[in-house]
Amino acid sequence: MMVKNGSVIYVAHPEKTIDPSVHTHYVEDSIDLDNVPLNGGVLLKTMYLSSDPYMRYRMRDPSQPAFVPPIILNDPIDNFGVGQVVRSDDPKFKPGDYVYGYLEFSEYFVYPGKIHHEYKFPLTKIEKLPNVPLSVYVGTLGMPGTTAYQALKYFVTEKFKTAKTMFVSGGAGPVGTFVIEYSKAMAPHLKIIASAGSADKVKIMQDAGAEVAFNYKEQDTFKVLREHGPLDIYWDNVAGPTLDAALQNFRDGGLIIACGAISQASHDDSSVVRHFDEIFKRSLTVHGFVVATGESAAAAPHFFEDVVPLVRAGKIRSREHRYVGLREAGRALADVHTGANTGKAVIVVSEE
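Numbering (the working numbering), first residue to last: 278 to 629.
Please keep in mind that the hints were generated in silico from the structure rather than gathered at the bench.
Some hints here could point you the wrong way.
[Claimed, not checked] Cross-link-like lysine-lysine pairs, in silico, DSSO-like; alpha carbons within 27 Å at most:
| no. | residue 1 | residue 2 |
| --- | --- | --- |
| 1 | K371 | K480 |
| 2 | K500 | K558 |
| 3 | K480 | K441 |
| 4 | K369 | K322 |
| 5 | K461 | K441 |
| 6 | K441 | K322 |
| 7 | K558 | K405 |
| 8 | K402 | K369 |
| 9 | K558 | K438 |
| 10 | K558 | K480 |
[To be verified] Quick list of the computed label-pair ranges, beta carbon to beta carbon:
| no. | residue 1 | residue 2 | range |
| --- | --- | --- | --- |
| 11 | Q483 | V280 | 43 to 49 Å |
| 12 | P346 | G602 | 24 to 30 Å |
| 13 | A574 | E435 | 17 to 23 Å |
| 14 | N316 | V549 | 45 to 51 Å |
| 15 | S307 | P346 | 26 to 32 Å |
| 16 | F499 | S307 | 29 to 35 Å |
| 17 | D497 | V549 | 16 to 22 Å |
| 18 | D366 | D529 | 56 to 62 Å |
Beta carbons: idealized from backbone N, C-alpha and C, even for Gly.
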């Protein structure tokens, strides 16, 4: 059966922010669902795709080194997603199975394709939870949730016992809200300060459990932390001036989890950090990490057994900003880089 098959192609490298009309291109072709060769793989129908801030690091010239592989010009974009098996030559999967992994930004495609061989995230069969959309697997039960859980479980568990105050930057995103809710579940005594860039996001952080939630564009981060600190833990999603403010408001022996540095993704000189000397002055510990790699990855195998019960109990929730249709994928990629989305950015390719 021949059907339309839309795809989003990567066509130009951004210098700073992402412009969907310049850097991505939506195209339509057709695919024969009954006869397209599988070559030992599976034919997938794409359902949900994730747009994440780290994708900006992939949108670069391949000659520039980075911690993640580049997207190749004129190839479909790919990222974490949820799909359904249409046909299978792989005995691990059968038609109708729901799967999670690195998926092309296409309505249908054969996995593994040429752009998947270098990634370390194999296709995984997933189960639908009652009354929970499958899109939860690109947010709370996907890479953002795994990212937060991995570092909290491995680096922060002991610190929870004595810490009084925690600060979370980028607190309204899917990693940030997970950090707030999981930390509250593990350490109910902990006071959490959280920052984001709009009034709507302040409400999200308050809903997640932050006692002090503020808009860093309207309130001075240093002054907020000075009033409500000192800090014992800082979960850093942004680096730059926010990290500078946190460094000056720590209790001795504090802990910094360096999860992201989105303020520096475009190499803007205004995001330079100037107070690294506070690390030795205050005897701070800094742990950087990348999801599914390094020593903290040892915590990842326990993710579902620990987190699914919290999701079922409503202690960790999924908040989504949905972009309907692949034509909206470019905007979704741009929005997460500028913070224009409110909630986990999910591209809805086909509904359940």
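Numbers of the earlier hints that this structure fails to satisfy, in rising order:
1, 6, 7, 10, 16
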